[in-house]
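J.: Make the full structure from the sequences, and use the hints.
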Amino acid sequence: MATKKKVNKMDDDHSVETLAEVFRCFICMEKLRDAHLCPHCSKLCCYVCVRRWLTEQRSQCPHCRASLHLHELVNCRWVQEVTQQLDSLQANGLASARAAAEHAQSDRCSAHQEKLSVYCWTCRLCICHQCALWGGRHSGHTFKPLDEVYEQHRTQIRDEAAQLRRRLMELVSLSQDVERNVESVRVAKDERVREIRNAVELMIARLDAQLKAKLLVLMGQKSSLIQETEQLEALLQDIDQHLHKCAKSELIQQSATLLRMIHQVRKKPMASFVTAPVPADFQSEIVPGYDSSTFIMTRFTQLQHKADPVYSTPLHVNGLCWRLKVYPDGNGVVRGNYLSVFLELTSGLPDTSK
Numbered sequence: 001m002a003t004k005k006k007v008n009k010m011d012d013d014h015s016v017e018t019l020a021e022v023f024r025c026f027i028c029m030e031k032l033r034d035a036h037l038c039p040h041c042s043k044l045c046c047y048v049c050v051r052r053w054l055t056e057q058r059s060q061c062p063h064c065r066a067s068l069h070l071h072e073l074v075n076c077r078w079v080q081e082v083t084q085q086l087d088s089l090q091a092n093g094l095a096s097a098r099a100a101a102e103h104a105q106s107d108r109c110s111a112h113q114e115k116l117s118v119y120c121w122t123c124r125l126c127i128c129h130q131c132a133l134w135g136g137r138h139s140g141h142t143f144k145p146l147d148e149v150y151e152q153h154r155t156q157i158r159d160e161a162a163q164l165r166r167r168l169m170e171l172v173s174l175s176q177d178v179e180r181n182v183e184s185v186r187v188a189k190d191e192r193v194r195e196i197r198n199a200v201e202l203m204i205a206r207l208d209a210q211l212k213a214k215l216l217v218l219m220g221q222k223s224s225l226i227q228e229t230e231q232l233e234a235l236l237q238d239i240d241q242h243l244h245k246c247a248k249s250e251l252i253q254q255s256a257t258l259l260r261m262i263h264q265v266r267k268k269p270m271a272s273f274v275t276a277p278v279p280a281d282f283q284s285e286i287v288p289g290y291d292s293s294t295f296i297m298t299r300f301t302q303l304q305h306k307a308d309p310v311y312s313t314p315l316h317v318n319g320l321c322w323r324l325k326v327y328p329d330g331n332g333v334v335r336g337n338y339l340s341v342f343l344e345l346t347s348g349l350p351d352t353s354k
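Residues in the sequence shown are numbered consecutively from 1, following the numbering used here.
Please note that the accuracy of each hint is not assured.
Think about it this way: if two alpha-carbon atoms lie no more than 20 Å apart in a straight line, the pair counts; the simulated SDA-like pairs of lysine to any residue are [unchecked claim]:
#: 1; residue 1: Lys214; residue 2: Pro277
#: 2; residue 1: Lys43; residue 2: Ala91
#: 3; residue 1: Lys43; residue 2: Met29
#: 4; residue 1: Lys222; residue 2: Gln210
#: 5; residue 1: Lys306; residue 2: Tyr338
#: 6; residue 1: Lys31; residue 2: Ala20
#: 7; residue 1: Lys222; residue 2: Ala271
#: 8; residue 1: Lys43; residue 2: Arg77
#: 9; residue 1: Lys43; residue 2: Pro62
#: 10; residue 1: Lys43; residue 2: Val22
#: 11; residue 1: Lys189; residue 2: Ala205
#: 12; residue 1: Lys31; residue 2: Cys49
#: 13; residue 1: Lys212; residue 2: Val200
#: 14; residue 1: Lys43; residue 2: Asn92
#: 15; residue 1: Lys189; residue 2: Glu201
#: 16; residue 1: Lys212; residue 2: Ser284
#: 17; residue 1: Lys115; residue 2: Gln130
#: 18; residue 1: Lys189; residue 2: Asn75
#: 19; residue 1: Lys43; residue 2: Cys25
#: 20; residue 1: Lys268; residue 2: Ser223
#: 21; residue 1: Lys212; residue 2: Lys306
#: 22; residue 1: Lys245; residue 2: Ala234
#: 23; residue 1: Lys31; residue 2: Val82
#: 24; residue 1: Lys222; residue 2: Val278
#: 25; residue 1: Lys325; residue 2: Ser292
#: 26; residue 1: Lys214; residue 2: Met203
#: 27; residue 1: Lys245; residue 2: Ile262
#: 28; residue 1: Lys43; residue 2: Thr18
#: 29; residue 1: Lys214; residue 2: Ala276
Label pairs and their computed distance ranges (CB to CB) [claimed, not checked]:
#: 30; residue 1: Arg58; residue 2: Leu174; range: 31 to 39 Å
#: 31; residue 1: Val278; residue 2: Tyr338; range: 41 to 49 Å
#: 32; residue 1: Thr275; residue 2: Gln210; range: 55 to 63 Å
#: 33; residue 1: Thr275; residue 2: Arg197; range: 34 to 42 Å
#: 34; residue 1: Val278; residue 2: Arg197; range: 27 to 35 Å
#: 35; residue 1: Val200; residue 2: Ser293; range: 28 to 36 Å
#: 36; residue 1: Leu171; residue 2: Gln210; range: 56 to 64 Å
#: 37; residue 1: Met297; residue 2: Leu320; range: 22 to 30 Å
#: 38; residue 1: Arg58; residue 2: Gln84; range: 46 to 54 Å
#: 39; residue 1: Phe295; residue 2: Val200; range: 34 to 42 Å
#: 40; residue 1: Val48; residue 2: Gln163; range: 33 to 41 Å
These are calculated hints, taken from the structure and not from any lab test.
Nothing here was measured: the structure is a model prediction, and the numbers come from that model.
We put the beta carbon where it would ideally sit given N, CA and C, even for glycine.
T.: Written out as structure tokens, the structure reads:
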């Protein structure tokens with residue numbers, strides 16, 4: 001029986017070691033660090049190892065040789081929890097081996113120092129064969145072999161533990177599903193971000209086009225003013241030269257020509273150089289433009305005395321018709337104290353068919 005227990009113990013240790021080998025990096029053969037999985041062969045490896053392989057060697061899986069890129073690797077965060085559990089199992093296995101040696105010494109009858117080999121079903125106690133035969137305390141009780149009772153308990157516990165292992169694997173599978181869900185959510189978010197960035201870039205391009213059109217108009221205005229300014233400066237410089245350098249007789253002879261040139265320039269009205277300013281507003285594709293209207297009420301005092309509501313002209317916006325309803329002398333509890341103004345929707349879009 002002891003040999004059978006030893007064999008079972010060795011099998012358990014071997015199973016743990018075999019499972020631990022599965023969770024080793026197939027590149028460095030060490031414990032997995034930041035585990036990632038090849039989507040083609042499902043082999044686990046360290047992220048650092050596979051990144052070095054893909055960047056320094058070739059873009060294919062070192063195990064299955066399928067084409068592989070960094071962004072295709074599956075991040076397996078759950079592996080760290082499994083490896084921690086395996087480390088705990090291995091540590092527990094060593095502790096169990098030491099405990100088994102201690103238990104072998106403790107599985108002896110305290111009264112006779114004999115090996116415990118009988119189970120008293122009546123007392124629910126483990127006893128030796130001398131206690132069962134001659135002790136007197138257990139006369140007439142029901143006995144069973146200790147090994148048989150031990151195997152029953154051990155089988156029951158192993159069955160329950162197997163249920164726990166299946167539960168663990170289900171939890172690991174659920175954890176993988178959550179990880180895949182997390183990845184899909186992140187990918188979807190990144191896709192929306194790309195869409196927003198593309199839309200914003202297009203908006204900026206259209207704003208640049210608006211700016212270019214406005215600047216073309218302004219530069220044309222500026223060019224016209226600069227040209228006229230240069231002509232005036234040249235004329236003034238010519239006049240100054242005649243005033244300071246010409247002889248008196250020459251100035252008198254040139255006077256008519258100079259005055260004609262001055263009058264020719266002054267004939268052009270200044271209003272021709274005054275241009276309408278280019279509006280500094282830009283069409284926004286994020287904040288829509290506002291539609292507005294002005295409602296002017298005349299003879300307000302007379303309208304107050306009448307105490308009847310006054311309606312504005314309709315404002316049509318996007319298929320909707322709005323108007324103001326004004327009580328000049330107030331309405332309800334505020335009558336005589338305040339001005340009451342209401343915004344009414346007089347007509348709207350037709351209801352959709354249901």
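J.: All hints are to be evaluated individually against the structure, with a verdict given for each.
T.: Hint-by-hint comparison with the structure:
Of the pairs offered as hints, the one joining Lys214 and Pro277 holds, with about 10 Å between alpha carbons and a cut-off of 20 Å not exceeded. Taking the CA atoms of Lys43 and Ala91, the gap is about 26 Å. The hint is violated against a cut of 20 Å. Proximity of Lys43 to Met29 is assessed by CA-CA distance (about 12 Å); at most 20 Å being required, the pair is judged to hold. Distance check on the hinted pair: Lys222 and Gln210 sit about 18 Å apart at the alpha-carbon level, within 20 Å; holds.
Between Lys306 and Tyr338 the alpha-carbon distance is near 15 Å, which keeps this suggested pair within the 20 Å criterion. At most 20 Å may separate the alpha-carbon atoms for a hinted pair to count; Lys31 and Ala20 meet this at roughly 9 Å. For a cut-off of 20 Å, the pair hint linking Lys222 to Ala271 stands: about 15 Å separates their Cα positions. Proposed proximity of Lys43 and Arg77 is supported: the alpha carbons are some 14 Å apart, at most 20 Å.
At most 20 Å may separate the alpha-carbon atoms for a hinted pair to count; Lys43 and Pro62 meet this at roughly 10 Å. Between Lys43 and Val22, the direct Cα distance comes to roughly 9 Å. Compliance with the 20 Å bound is thereby established for this hinted pair. Under the criterion of a C-alpha separation no larger than 20 Å, the hint pairing Lys189 with Ala205 is inconsistent with the structure, at around 24 Å. Between the alpha carbons of Lys31 and Cys49 the distance comes to roughly 12 Å, so the proposed pair stays at or under 20 Å and holds.
For the given pair, Lys212 sits about 18 Å from Val200 by alpha-carbon distance, which is consistent with the 20 Å threshold. This hinted pair does not check out: Lys43 and Asn92 have alpha carbons roughly 27 Å apart, beyond 20 Å. A C-alpha spacing of about 18 Å is found between Lys189 and Glu201, which places the hinted pair at or below 20 Å, so the restraint holds. Taking the CA atoms of Lys212 and Ser284, the gap is near 16 Å; set against the 20 Å cutoff, the hint holds.
At roughly 10 Å between alpha-carbon atoms, Lys115 and Gln130 fall within 20 Å of each other, so this suggested pair holds. Simply put, Lys189 and Asn75 have alpha-carbon atoms about 18 Å apart, close enough for the 20 Å limit, and the pair holds. The hinted pair formed by Lys43 and Cys25 meets the criterion: a straight-line CA distance of about 8 Å does not exceed 20 Å. Simply put, Lys268 and Ser223 have alpha-carbon atoms about 17 Å apart, close enough for the 20 Å limit, and the pair holds.
Only pairs whose Cα atoms come within 20 Å are accepted, and Lys212 paired with Lys306 is rejected, the gap being roughly 56 Å. This hinted pair checks out: Lys245 and Ala234 have alpha carbons roughly 16 Å apart, not beyond 20 Å. Restraint check: the Cα-Cα separation between Lys31 and Val82 comes to about 11 Å, which is no more than 20 Å; the hinted pair holds. A distance of roughly 12 Å separates the Cα atoms of Lys222 and Val278; the hinted pair therefore holds under the 20 Å criterion.
As the CA atoms of Lys325 and Ser292 are separated by approximately 16 Å, the hinted pair is consistent with the 20 Å bound. Between Lys214 and Met203 the alpha-carbon distance is near 17 Å, which keeps this suggested pair within the 20 Å criterion. Restraint check for Lys245 and Ile262: the C-alpha separation of about 19 Å stays at or below 20 Å, so the hint holds. Restraint check for Lys43 and Thr18: satisfied, since their Cα atoms lie roughly 15 Å apart, inside the 20 Å limit.
For the proposed pair Lys214 and Ala276, the alpha carbon gap of about 12 Å is at most 20 Å, so the pair holds. Between Arg58 and Leu174 the C-beta distance comes to about 36 Å, which sits within the given range of 31 to 39 Å. Under the hint 41 to 49 Å, the C-beta atoms of Val278 and Tyr338, about 43 Å apart, fit the expected range. Taking the beta carbon of each, Thr275 and Gln210 are about 19 Å apart, not inside 55 to 63 Å as hinted.
Our hint of 34 to 42 Å for Thr275 and Arg197 holds, since their Cβ atoms are close to 39 Å apart. Between Val278 and Arg197 the Cβ separation comes to about 30 Å, which falls inside the hinted range of 27 to 35 Å. In this structure, Val200 and Ser293 meet the distance hint of 28 to 36 Å, their C-beta atoms being roughly 33 Å apart. In this structure the hint that Leu171 and Gln210 lie 56 to 64 Å apart at CB holds, the actual value being about 58 Å.
The hinted range of 22 to 30 Å is satisfied by Met297 and Leu320, whose Cβ atoms lie roughly 23 Å apart. Between Arg58 and Gln84 the CB atoms are about 33 Å apart, so this pair departs from the stated range of 46 to 54 Å. In this structure the supplied range 34 to 42 Å holds for Phe295 paired with Val200, their Cβ-Cβ distance being about 38 Å. Between Val48 and Gln163, the C-beta spacing of about 37 Å keeps the proposed range 33 to 41 Å intact.
This entry does not satisfy hints 2, 11, 14, 21, 32 and 38, going by the numbered hints stated previously.
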